[in-house]
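Peer 1: Residue numbers (this note's numbering), protein chains in the order written: chain A, 1 to 421; chain B, 1 to 235.
Think of the hints as simulated: they come from the structure by calculation, not from any bench. Warning: the hint list may mix true and false statements.
Stated by the list, open to error - Some residues of chain B that are not near chain A, with every Cβ distance over 10 Å (derived):
{"id": "1", "residue": "Ser-62"}
{"id": "2", "residue": "Asp-79"}
{"id": "3", "residue": "His-80"}
{"id": "4", "residue": "Asp-84"}
{"id": "5", "residue": "Leu-99"}
{"id": "6", "residue": "Gly-127"}
{"id": "7", "residue": "Ser-152"}
{"id": "8", "residue": "Leu-181"}
{"id": "9", "residue": "Asp-218"}
Said to hold, decoys possible - Now the in silico label distances, taken between C-beta atoms and shown as ranges:
{"id": "10", "chain 1": "A", "residue 1": "Gly-391", "chain 2": "B", "residue 2": "Arg-198", "range": "15 to 25 Å"}
{"id": "11", "chain 1": "B", "residue 1": "Ala-188", "chain 2": "A", "residue 2": "Arg-15", "range": "34 to 44 Å"}
{"id": "12", "chain 1": "A", "residue 1": "Arg-410", "chain 2": "B", "residue 2": "Gly-42", "range": "18 to 28 Å"}
{"id": "13", "chain 1": "A", "residue 1": "Met-285", "chain 2": "B", "residue 2": "Gly-76", "range": "29 to 39 Å"}
Here a beta-carbon is modelled for each residue, glycine too, at the ideal position from N, C-alpha and C.
Residue strings, one per chain:
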Amino acid sequence: MYLFRLALGSLANRRFTALLTVLAIALSVCLLLAVERVRSEARASFASTISGTDLIVGARSGSLNLLLYSVFRIGNATNNIRWESFQHFAEHPRVKWAIPISLGDSHRGYRVMGTSPAYFAHYHYGRGQPLRFSAGRAFATDPFEVVLGAEVAEALGYQLGERIVLAHGVASVSLVQHDDKPFSVVGILARTGTPVDRTLHISLAGMEALHVDWHNGVPARGAGRISAEQARQMKLQPKAITAFLLGLHSKAATFALQREINEYRGEPLLAILPGVALQELWSLMGTAEQALFVVSLCVVLTGLIGMLTAILTSLNERRREMAILRSVGARPWHVASLLVLEAFALTLAGVLLGLALLYLAIAASQGYVQSRYGLYLPLALPGAHEWALLGTILCAALLLSALPAWRAYRQSLADGLTIRL
Amino acid sequence: MSQPLLELADLGFAWPGQAELLDIPRFRLERGETLFLKGPSGSGKTTLLGLLGGVQTPGRGSIRLLGEQLERMSAGRRDHFRVDHIGYIFQQFNLLPFLSVRENVELPCRFSRLRADRARQRHGSVGQAATMLLEHLGLPAGLLGRRADALSIGQQQRVAAARALIGQPELVIADEPTSALDTDAREAFLHLLFAECRAAGASLLFVSHDQSLAGLFDRSLSLTELNRATKPVEI
Numbered sequence: 001m002y003l004f005r006l007a008l009g010s011l012a013n014r015r016f017t018a019l020l021t022v023l024a025i026a027l028s029v030c031l032l033l034a035v036e037r038v039r040s041e042a043r044a045s046f047a048s049t050i051s052g053t054d055l056i057v058g059a060r061s062g063s064l065n066l067l068l069y070s071v072f073r074i075g076n077a078t079n080n081i082r083w084e085s086f087q088h089f090a091e092h093p094r095v096k097w098a099i100p101i102s103l104g105d106s107h108r109g110y111r112v113m114g115t116s117p118a119y120f121a122h123y124h125y126g127r128g129q130p131l132r133f134s135a136g137r138a139f140a141t142d143p144f145e146v147v148l149g150a151e152v153a154e155a156l157g158y159q160l161g162e163r164i165v166l167a168h169g170v171a172s173v174s175l176v177q178h179d180d181k182p183f184s185v186v187g188i189l190a191r192t193g194t195p196v197d198r199t200l201h202i203s204l205a206g207m208e209a210l211h212v213d214w215h216n217g218v219p220a221r222g223a224g225r226i227s228a229e230q231a232r233q234m235k236l237q238p239k240a241i242t243a244f245l246l247g248l249h250s251k252a253a254t255f256a257l258q259r260e261i262n263e264y265r266g267e268p269l270l271a272i273l274p275g276v277a278l279q280e281l282w283s284l285m286g287t288a289e290q291a292l293f294v295v296s297l298c299v300v301l302t303g304l305i306g307m308l309t310a311i312l313t314s315l316n317e318r319r320r321e322m323a324i325l326r327s328v329g330a331r332p333w334h335v336a337s338l339l340v341l342e343a344f345a346l347t348l349a350g351v352l353l354g355l356a357l358l359y360l361a362i363a364a365s366q367g368y369v370q371s372r373y374g375l376y377l378p379l380a381l382p383g384a385h386e387w388a389l390l391g392t393i394l395c396a397a398l399l400l401s402a403l404p405a406w407r408a409y410r411q412s413l414a415d416g417l418t419i420r421l
Numbered sequence: 001m002s003q004p005l006l007e008l009a010d011l012g013f014a015w016p017g018q019a020e021l022l023d024i025p026r027f028r029l030e031r032g033e034t035l036f037l038k039g040p041s042g043s044g045k046t047t048l049l050g051l052l053g054g055v056q057t058p059g060r061g062s063i064r065l066l067g068e069q070l071e072r073m074s075a076g077r078r079d080h081f082r083v084d085h086i087g088y089i090f091q092q093f094n095l096l097p098f099l100s101v102r103e104n105v106e107l108p109c110r111f112s113r114l115r116a117d118r119a120r121q122r123h124g125s126v127g128q129a130a131t132m133l134l135e136h137l138g139l140p141a142g143l144l145g146r147r148a149d150a151l152s153i154g155q156q157q158r159v160a161a162a163r164a165l166i167g168q169p170e171l172v173i174a175d176e177p178t179s180a181l182d183t184d185a186r187e188a189f190l191h192l193l194f195a196e197c198r199a200a201g202a203s204l205l206f207v208s209h210d211q212s213l214a215g216l217f218d219r220s221l222s223l224t225e226l227n228r229a230t231k232p233v234e235i
């Protein structure tokens, strides 16, 4: 269409302003899409922090609290669960596997979790991915073996065979160290992008050994102390754990078992469905996420208004152009459509450049973001939602361009063929 | 007497809320005629050109172009009619700087099917017509692909003339087209313009304040005499 050629020619004649306008739109589009992609990936990766687990069971408290300490290692349990309760449900005919979790110690700010070998076999994250070892193996019969999450190993520079001392409590500066019973690193897990990366895993026996000579929350002194060697000889059966994860034979039994656990007579327990609790937690954070989206929408609007300003400013100096066009037969609506086409061309160029910038940015930062934040940003084509956003931006641009188009229409009617200097 | 190309009868025009600016009882332009219309500033020249182009409509009277009354047409039809039958040359800088010389010349054919058809009939294609016209007007062939603003003023005016003439409109209106040229270039330009108007069978309405050129035309008129609304300007 010849009008489009004219619009592009006129734009090329003002290429510096046009380029800046395109750049402003491109940056805002890139920002919006990046925010959208990070948002949806964050949501997806959040939802896939834990998978394959049908029920999380802890002492009766709030479901969010239980989710936070059992999966995200945030906060503390209000109460422990008796070992007998765990055993009762671990041997339940509907239960396929059970993973005990015992929390309470830490190492240089990272949480220590006591668990059983079942953890490495049955804990899944993402889309059903199992835990993998990047080095070494799971802890075995010796209680003083530890398996590190990927981030722990990387941040603290630990290798296999390293001997480390755990601290009592979860403050980052711990006063009481379990320095009489050092652990040796026997395995390092591959990166998962979940809280597993920030966890040190020891056996329940190890957890028990650390505290075998503790009474009322303080370590024994002098003769009461039990050395690591002595502890190895003892029967290290825990009396209590913090929580446990259950996998069932059939998902259909989930609600029935949940009710059964919640009504358990032995002690007050709470069973939650991880998916539901995750959703609940995400909706709490939704406000911040929405705010981010709104801010980036505003940035796009700013870009479009910048374009509008540039076009409106150009109108006066383009009266000559309009008059020439009128003299060679362009009608006022031709002049008006030239401006709409101009806005469309600028925005389209901005959107395309924005997409190019987005992919460039993703390609450049993909590895870093994945390793640092556990977010996998795919180099995929825009999805339906993103296309819809881009379409909306184009429509908004067309809508805004009605203003300069209308003014040019009026102007060219008034000026006619008169060329004003 | 045959029907004139352009005929004004009892034409009156006033801007809203102002005194009458134009009052022309009679004016004729014959087919193929070249007319010099002396129009100093304040004589209502711009308004008259606006009326002839159909951009404004007269308050009273009629404007007949090719026997059709412009004031009775709709605005869209007038726009159409104008580009089909009138070619314009303005003072200076009347090319689109971002288009090539050739594209500038072809512009009227983009908006008028009639002129595109005529250009094709006579020269085979619109592009060919532009090339021929520019050649006749003495523009070096090497400049055709250049941006219009890369040309000298004199060259630009020839391009503007070619644009006014492409597709053989019946009327060419030139508004001070030579004011930016020096004396020698003026006459040379006019001779080229006359020759091309003759070749295309077009009438030429040449509006200027430069009386020295009047002798070159078939006929010469003064707008101040023609227009009863103008008061003699004392200088």
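Peer 1: Quick check: which numbered hints come out false for this structure?
Peer 2: 2, 3, 4, 5, 10 and 13
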